[in-house]
Amino acid sequence: MSEIRVVSKESHETLEITTKDTVSLSEASVILIKVNKDDVSEIRQDGRNAIITLKNGEQIVIVDFFNGSNYSTDNSLVFEDNNHKLIWVQFTDANGALLENITYSYIDSIEPLLYHDGVASPWAWLSVPLTAAGILWWAHDSDDKNNNLNNDSDSDSDSDSDSDSDSDSDSDSDSDSDSDSDSDSDSDSDSDSDSDSDSDSDSDSDSDSDSDSDSDSDTTAPDAPEIDPINGTDPITGTAEPGSTVTVTYPDGTTATVVAGTDGSWTVPNPGLNDGDVVTATATDPAGNESVPATEVVDALAPTAPEIDPINGTDPITGTAEPGSTVTVTYPDGTTATVVAGTDGSWTVPNPGLNDGDVVTATATDAAGNESVPATEVVDALAPTAPEIDPINGTDPITGTAEPGSTVTVTYPDGTTATVVAGTDGSWTVPNPGLNDGDVVTATATDPAGNESVPATEVVDTVPPVIAIDELDDVDPITGTAEPGSTVTVTFPDGSTITTTTEGDGTWSVANPGTLVTGDVVTATATDAAGNTSLPVTSIVPVFIDAIDDIATVLSEVNPVVTHPDIPGGALVTFPSLSLIGPIIDLKGQTPITVTVPEGGIASFDVSFGGVLIGGGIGSYDLNILRYNENTGGYELYSKIDNAGIMVGFIGGVMGGGASISNLPEGQYALVLTPGEGVQVTGIGIASISVTNEVLSDYGDVVAKGNVITANNPENPTDVADVIHAGETATVISVANEDGVTTALPQDSEAFIRIQGEYGELFIDKNGNYEYIRDFTIPNSLGKVDSFTYTIQDSDGHQDTATLNVRIDTNDLDITWPEDPTQDGVVELTATDNTAAAAITLVPSTNTTVDTGSMAASSTKPLFGAATSVAGSDTSDVINVAANTAASLNFSVTTQGGILDSSANGDTFSYQVQKLVNGVWTTQPGASASVVHSSPILGDAGGTVLISGSYQVSASDTASQWRVVFGSTESNIPLIAGTNTTTVNTTVNATFTHYDQFVGNGATVTATGNLLTDDSGNGVDVTGGASTKVFVETSPGTYVQANGQTITVEDGTFVVSANGTYTFTANSSATSGDVATLNYKLVAATGDESTPATLTVNIGSETISTASHDIITTGAGADTVVYNLLNAADATGGNGKDEWTDFNLAQGDKVDISSLLNGANASNISNYVSVTSDGAGNTLISIDRDGTGNTYNSTDLIVLKNTDTTLDELLNNNQLLF
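In our numbering, the protein residues as written are 9 to 1226.
Warning: the hint list may mix true and false statements.
[To be verified] Straight-line Cα separation of at most 20 angstroms, SDA-like style, residue types lysine to any residue; simulated pairs:
hint, residue 1, residue 2
1, LYS713, GLY666
2, LYS17, ASN109
3, LYS1037, THR1099
4, LYS45, LYS93
5, LYS1158, LEU1219
6, LYS17, ASN57
[Said to hold, decoys possible] Okay, the calculated beta carbon distance ranges per label pair:
hint, residue 1, residue 2, range
7, VAL474, ASP404, 14 to 22 angstroms
8, LEU543, ASN363, 57 to 65 angstroms
9, THR838, ASN1222, 20 to 28 angstroms
10, ASN651, ALA579, 45 to 53 angstroms
11, ALA949, GLY1123, 47 to 55 angstroms
12, ALA579, GLN764, 32 to 40 angstroms
13, THR830, VAL525, 18 to 26 angstroms
14, VAL728, PRO441, 49 to 57 angstroms
15, ASN363, PRO441, 35 to 43 angstroms
16, ASP1216, THR857, 43 to 51 angstroms
17, ASN788, GLN764, 16 to 24 angstroms
Since the hints were derived computationally from the structure, they do not count as laboratory data. Even glycine gets a Cβ: it sits at the ideal position worked out from N, Cα and C.
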């Protein structure tokens, strides 16, 4: 490929040098391609790309060359030929327009094609174009300096003078008639004496004419000389234009000059150059024209020794060397052969018929004359031995061995081959194409010298061998049979393996590791010589003994049914010693007192006994309680009460005593006496016994029975029996409890052995029979597991261990038992937080004022003249009635206290209720009266009402002032000179009702519910069963069982019953917004506890609307305003239009209008209620009581101040009750 150089027009930097066939442009560039123009077949445009096709078929693609609009371009294409001449390929004219045909022009440099100031445009600078619409010959004088160079840019009108650069000797004077500023440079090539006509490249309209007579000489420089490759010692040679003077410049700047001979050759001395030195040379013809310089880099390094391929006795000798170097091969007889290495370095010379062990040498000499050191190769004329082929199966790769480094050719049955080189160890591998049993595979080996071995063959074997494994035990060697000579691999349970080779008779054997246990699986395979592996065979170590865990269950009631059965008394048998009898006691023929405790029962009772025993000794007797064992048919000692009785006497002893027996579980019992301390001779006789204070508690189930070996457990039928090898028997030899205490079971007795557990006692015998008796005195034992580890052993000494897990269960609790039978059960308990509300009923606040006064009326009779009277009067204090307040005025005139008095008889008394209107006290209509009082015969008692009245001041949006004016007259005129005066008292009681102030009415405020069943959004409690108890917190961190006690908190009291019901009663200090809380938790009979939960009582208020304009302020808490039906005919039911100043959506405030609407439901409520905003942040609720607008119209009911809400929001939050 040709070398391509991409130069940036902007930075003048080389962007890329490549020999690839494609370059991509990213900015305006000059693309310089080293190619002769004559080698170009075609240049064409392909969209934005330029494609250059060479005559040898090469194609060069310049991506994004035509990247301007309408496929114009700022990029430039330049060819550089072998003589380093530059040819500019023009696609556009000086105005940037695309040319119809491409134009080639020689240029001296790519500099004008780059971007910068001060350089003429390439069109002003370039030489005469070579061609248009094709590649033509290049004018050899295109570098003549007579080309026009117009550099004048001024606009003045001057006289130009021609500057001839010809070599004639005439004396002429040229004058131009143009008036521009260009400097014409004509280039003449003729030798006559003529009048020349200039060819200008400017655009002015002048006409230049020369009147000189020229005699022109050679001005063309010769081609650059050719310099032959240079080494470090040989003379420097080359060719140039014959007769030209060649000047050679050495690296140190010195020169040597020589004239090229008639054949152009030339030679100068080599001063002893170094590798990499650069030598230049120019040629100057006799006319003095100097060529461009030629350069050559000194190559003073000898090439590497050639590589000689392995040589046999017949094939041509081949190898590789430096491309273009001359390889000289020397045969063993001293003769040589010479060849030039190709472009890839390869070379070949004939083989004259060499013998094994002959030595061949070769050297390589490069173009500069440097010769390499010799390489040698020993002739190998002996063929390798036939390869070895390993046994072949139908799938695995085919392998074998051959002479290391030889080429192995494997021939398959279908004639195809595979070739591989044997490794340094001689091994080789080729693929297996999927051969069939009986197929024949051949292989030959060819060594590097080309000598081929005789073929080797192998028959394919695809049939795997057959293997068998004998029955295992845990000690003896593991044996079996397989194909003779096959390799047997035995795999043990831990993954370890043992390999052995089958004997000639097909038997094989490996050692038993001694670690095999029951259930272990041993696997064996056999692999034949061809690699075919048998299917695996397995053998399982048989089960000698396998103890399997058991589960037993005691299913007890939490609360037993208690009865008091009558247990009859009887005779009390006396034995000299139980130890002499053994663990199993036979009472046949005896008549002891027996007590039977029914299934599921626990019995307690008191006994007393007495009698006469014949014998001797003074001392105590022990009371033995024996329990019947159904498995043995005899009694066994269950418990003993020491010193229960005392005997006194040596010959005829009197004995007596008693004891309390507690918590005997279900079963049959016998009571017997044995001598204790101090009794030397066992008495003979019978004592009688009586039983009192019998108590039987029926728990439903107190004993779990079964057999750990046979899994005879009716309460858990899923238990699996222990595995005992055929023909063997097993017994229980020991039992360990959870504390790790191990008890050995005697193998010479079938009696129960008593083992203490965590929550009861286990009675078990060697045969595996057991009874587990729960101890009810241990608290919180329900839901627990009592585990016992037992060991069984067979007659061969094989042992195994398992666990008996006793679950203490009940139907009274929901106990969840984990999959692990050793883990205790769990009762899921969840106490959920509950909320409740208690409402204080708010009513308008009231207050009363009392104003008292007096007035006196008199009549005076002078000594002479008519009598005169003075009326009495009294005006009450001003009664100020505030806005939104009603006042009830009650007033009266009464006699003063004292004895009976008739002075008011016949007098007139009056009152007037007045209101201040526009500054004038005005008596209100219907608010005045007067009466003439008649006193009884005996007179008026003190405090007699002479006149009374009342007046109702309705609430108004504005305040008002009132007063009561009283008057009286004196009717009793004195008969003689003097004055009669009647003085009376006045009273005004004003009771104010404030409709903008609401207070509690003093009624008891309560909240009720059930902690267990109420759902406040958190779900109901999960109790795990009816036996679960409620515990309440009475002080921080202290919980007690709820039983109806009173728990006092800041705002009231809680009373919680055992079933979870509660009542909260607020105290008098509780106000709306207060919150009362009570913490509680659930405790199951198992001892499991829930996480504490909280009952929260939100104390709110309930305000009853009135007929007035109520202004309601409720404070914090969930509050409700209730509208009752006060007047059925009224659009608001008789209620006034109210304001709620602090309605709070977040706190759950409510408006209850359920008493006012007729027929409203969730689907039509919007017909009855409208909720609108007044634009000032307030919400107005209006109602249409019948929803139709017929009987009632929509009327404003209440304004929720500072609240912006909608009907949907109020309904969704349950804050509008209808």
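Hint check results:
Restraint check: the Cα-Cα separation between LYS713 and GLY666 comes to about 32 angstroms, which exceeds 20 angstroms; the hinted pair is violated. Of the pairs offered as hints, the one joining LYS17 and ASN109 is violated, with about 24 angstroms between alpha carbons and a cut-off of 20 angstroms exceeded. Taken as a hint, the LYS1037 and THR1099 pair is honoured in the structure, with Cα atoms around 14 angstroms apart against an allowance of 20 angstroms. This hinted pair checks out: LYS45 and LYS93 have alpha carbons roughly 10 angstroms apart, not beyond 20 angstroms.
As the CA atoms of LYS1158 and LEU1219 are separated by approximately 10 angstroms, the hinted pair is consistent with the 20 angstroms bound. At roughly 19 angstroms between alpha-carbon atoms, LYS17 and ASN57 fall within 20 angstroms of each other, so this suggested pair holds. For the pair VAL474 and ASP404, the supplied restraint of 14 to 22 angstroms holds, since their beta-carbon distance comes to about 20 angstroms. For LEU543 paired with ASN363, a C-beta distance near 58 angstroms keeps the hint of 57 to 65 angstroms intact.
The hint said 20 to 28 angstroms for the Cβ distance between THR838 and ASN1222, and at roughly 26 angstroms that hint holds. Checked against the hint of 45 to 53 angstroms, the pair ASN651 and ALA579 fails, with Cβ atoms roughly 21 angstroms apart. Judged by the Cβ atoms, the range 47 to 55 angstroms given for ALA949 and GLY1123 holds: they are separated by roughly 50 angstroms. One distance hint, 32 to 40 angstroms for the beta-carbon pair ALA579 and GLN764, holds here, with the actual separation near 33 angstroms.
Under the hint 18 to 26 angstroms, the C-beta atoms of THR830 and VAL525, about 22 angstroms apart, fit the expected range. Roughly 55 angstroms separates the CB atoms of VAL728 and PRO441, a value that falls within the hinted 49 to 57 angstroms. Checked against the hint of 35 to 43 angstroms, the pair ASN363 and PRO441 passes, with Cβ atoms roughly 41 angstroms apart. With their beta carbons about 48 angstroms apart, ASP1216 and THR857 fall inside the hinted range of 43 to 51 angstroms.
Distance hint for ASN788 and GLN764: a CB-CB separation of about 18 angstroms, consistent with the stated range 16 to 24 angstroms.
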